[in-house]
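Student: Chains as they are written, first to last, in this note's numbering: chain G, 1 to 299; chain C, 1 to 299.
Calculated from the structure, these hints are not laboratory results.
For chains that are exact copies, the list does not tell them apart, and a pair is met inside one copy or across any two.
Listed next, the in silico BS3-like pairs over lysine-lysine satisfying Cα-Cα at most 27 Å (straight line):
id: 1; residue 1: 283; residue 2: 51
id: 2; residue 1: 143; residue 2: 34
id: 3; residue 1: 267; residue 2: 283
id: 4; residue 1: 36; residue 2: 172
id: 5; residue 1: 36; residue 2: 244
id: 6; residue 1: 171; residue 2: 34
id: 7; residue 1: 10; residue 2: 267
One-letter residues, chain by chain:
Number of protein chains: 2
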Amino acid sequence: MSDEHPSKMKEFLRSRQKLVDEALDQFLPRANTKPKTIHKAMRYSVFAGGKRLRPILCLAAAECCEGTAEAALPLACALECIHTYSLIHDDLPCMDNDDFRRGVPTSHKVFGEAIAVLAGDALLTFAFELASLVPGWPRYSMKNVIRELAVASGSQHLIAGQVADLESEGKKVSLPMVRFIHESKTAALLRSSVRLGAMSANAPPKQLECIAEFGRTLGLAFQVIDDILDVTQTSEVLGKSAGKDQAAEKATYPSIVGIERSRQVAKKLTEDAHAVLKPFGRKAEMLHHLADYLLDRQY
Amino acid sequence: MSDEHPSKMKEFLRSRQKLVDEALDQFLPRANTKPKTIHKAMRYSVFAGGKRLRPILCLAAAECCEGTAEAALPLACALECIHTYSLIHDDLPCMDNDDFRRGVPTSHKVFGEAIAVLAGDALLTFAFELASLVPGWPRYSMKNVIRELAVASGSQHLIAGQVADLESEGKKVSLPMVRFIHESKTAALLRSSVRLGAMSANAPPKQLECIAEFGRTLGLAFQVIDDILDVTQTSEVLGKSAGKDQAAEKATYPSIVGIERSRQVAKKLTEDAHAVLKPFGRKAEMLHHLADYLLDRQY
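When you get a sec, could you build the whole thing from the sequences and use the hints?
Tutor: Right, dumping it as structure tokens:
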């Protein structure tokens with residue numbers, strides 16, 4: 001994190017990350033649960049150094065809507081399980097074929113392909129078990145929560161993005177197609193992360209709508225920045241192979257409009273994200289900081 | 001199906017199969033939904049000639065507990081989606097590497113490995129979206145339903161079975177280990193199939209318990225019979241490669257106790273399944289028939 005971000009924000013990130021890590025450790029089956037391999041593999045990827053962006057956004061959204069981090073925690077952890085499963089499967093040899101992620105070997109490099117597929121399956125399944133722990137709230141029932149998670153990670157969002165991403169490789173794609181990929185593979189789950197946090201705070205529908213738009217716009221900015229970093233950063237800094245998008249002829253923002261224009265797009269999207277938070281006033285302080293932090297990040 | 005089974009039973013199977021097929025067709029996203037590949041792949045495997053055993057057991061259990069097939073349908077379809085996802089992933093080259101299933105090429109043979117992994121993921125996710133459609137019942141909330149599905153298909157049951165199955169290949173394994181594999185990879189989801197049906201009928205806890213034990217015992221019998229058929233049948237009859245268990249040195253009943261003893265075990269388990277249905281009297285007629293039908297099946 002760059003130095004411009006206030007220490008309050010640094011402290012927020014640290015404390016919420018700790019909360020999420022402890023909750024994940026509590027929720028996930030012990031590593032020695034039979035069969036050990038699968039539980040080791042689940043934990044290996046969940047504790048492989050993720051930034052916990054989705055859970056932290058979920059908690060921050062809950063607090064912005066005057067809820068508590070505690071109430072949002074099972075959903076925050078469910079989001080991280082879904083995110084982790086998607087990375088394990090994306091990294092498989094038949095997909096993006098990545099050997100490293102966050103500086104450590106990917107699941108299939110450590111446990112083999114079969115266990116990596118199953119560890120992803122198990123984390124996806126476990127996410128719904130976690131979501132079933134919430135009590136439901138006056139405005140939002142468990143039906144809303146399960147639907148939110150299933151739709152955002154289903155064949156018309158998260159998975160749609162991965163499919164479109166794979167199918168665009170080596171092809172000349174349009175900007176609207178890149179936008180579709182970003183909306184699906186990144187923005188949908190970030191949007192749901194903040195929505196689920198707001199639901200756990202029993203936020204009124206109008207607030208839920210604002211927070212959803214914040215999450216979506218932030219998600220789009222996040223993916224444009226990801227595309228930029230893949231070109232401009234070293235593998236060492238990223239903790240994964242840099243330049244892979246170009247090598248695989250992926251459909252990215254920089255490949256179509258160049259780095260400079262991509263930076264402007266990310267900046268504009270971040271401004272939009274700030275703007276939709278206006279009705280929350282000071283209560284959205286941490287969400288504002290998070291948006292700036294993501295824009296300025298170097299990995 | 002052999003001729004001994006009454007025409008009433010044949011008619012039951014046919015009508016419930018039709019109900020499930022129509023509901024799956026209604027529920028699943030159209031094949032031309034963007035991105036088309038994933039929705040085609042989801043439908044390809046769901047409509048590749050499955051017997052619909054899990055959904056039919058779910059509906060039969062609902063009716064046995066004086067509920068309706070209609071109320072149980074979203075759960076019946078969710079079970080079929082989970083079963084289909086598990087087959088797609090099990091058939092992958094990194095797992096059992098099967099080219100045929102039910103007489104037609106497996107997902108990865110038709111769509112490639114990446115789409116096959118994603119189609120499995122999408123069906124698993126979609127199962128929870130389907131489960132979120134039920135209204136909940138006085139005795140059983142959506143929490144119970146989601147938990148039931150997630151636990152039965154999670155890392156300590158369905159996935160545990162697949163892991164233990166893979167890890168037992170080529171090893172000398174004990175009968176308790178084979179039983180653990182059967183309990184996990186088959187009995188758990190069959191048990192949940194009838195439990196979910198009974199829940200949709202708002203069955204009293206005592207009934208739920210009986211029906212659960214029926215499903216579990218039936219599931220164990222089913223897998224022992226599956227192991228036997230792999231040895232005794234031709235690939236043509238099975239619609240998948242026969243003799244694969246032996247070739248892969250899988251842990252099976254026949255490999256440890258022989259075919260004859262395995263047949264006795266299957267028969268005894270089926271008798272046990274019949275016995276636990278006693279409290280239901282005539283209302284369990286179709287469940288009794290189903291148990292006999294599964295014992296006598298030739299594929």
